[in-house]
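*Asks:* Going by my numbering, the letters in the sequence shown line up with residues 1 to 80, in that order.
Derived by calculation from the structure, the hints in this document are not laboratory data. Treat each hint with caution, since some may be false.
[As the list claims (entries may be wrong)] Computed spacing ranges between beta-carbons, pair by pair: (1) Asp-69 to Cys-45: 29 to 39 Å; (2) Glu-62 to Glu-12: 17 to 27 Å; (3) Glu-12 to Thr-37: 28 to 38 Å; (4) Arg-15 to Glu-46: 25 to 35 Å.
The beta-carbon is built from N, C-alpha and C at its ideal position, and this holds for glycine as well.
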Amino acid sequence: MIDHPKQTPSSEEVRRAQVDFLERMFRGTTAGCERLTDAEWAETCEAQLRLHQGLVDERFFEPLLERIDALDDPGARPFP
Numbered sequence: 001m002i003d004h005p006k007q008t009p010s011s012e013e014v015r016r017a018q019v020d021f022l023e024r025m026f027r028g029t030t031a032g033c034e035r036l037t038d039a040e041w042a043e044t045c046e047a048q049l050r051l052h053q054g055l056v057d058e059r060f061f062e063p064l065l066e067r068i069d070a071l072d073d074p075g076a077r078p079f080p
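Work the whole structure out from these sequences, hints included.
*Replies:* What follows is the structure in structure tokens.
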């Protein structure tokens with residue numbers, strides 16, 4: 001396992017990542033969010049808390065946002 005040095009994001013980076021995360025998560029009809037399982041919702045909340053604490057940056061959210069975006073697509077297959 002490769003250990004990357006921790007880089008603390010600036011407050012502007014954290015704010016920008018939070019805004020982007022929330023805009024992507026709640027845009028449109030929020031159909032993707034409504035289809036989240038309890039575990040996915042818990043993961044979303046945990047991820048937001050970790051971002052707020054400066055423990056992760058916006059790249060941490062990409063897999064989660066991709067799942068939400070896929071759920072927003074009416075033709076998308078559900079994730080296993």
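*Asks:* Hints first: check each against the structure and report whether it holds.
*Replies:* Quick rundown of the hints versus the structure:
Checked against the given bound of 29 to 39 Å, the beta carbons of Asp-69 and Cys-45, roughly 18 Å apart, lie outside it. Roughly 20 Å separates the CB atoms of Glu-62 and Glu-12, a value that falls within the hinted 17 to 27 Å. Evaluation of the 28 to 38 Å hint for Glu-12 and Thr-37 yields a pass: the beta carbon distance comes to about 33 Å. In this structure, Arg-15 and Glu-46 break the distance hint of 25 to 35 Å, their C-beta atoms being roughly 19 Å apart.
In this structure, the earlier hints numbered 1 and 4 are contradicted, and the remaining ones agree with it.
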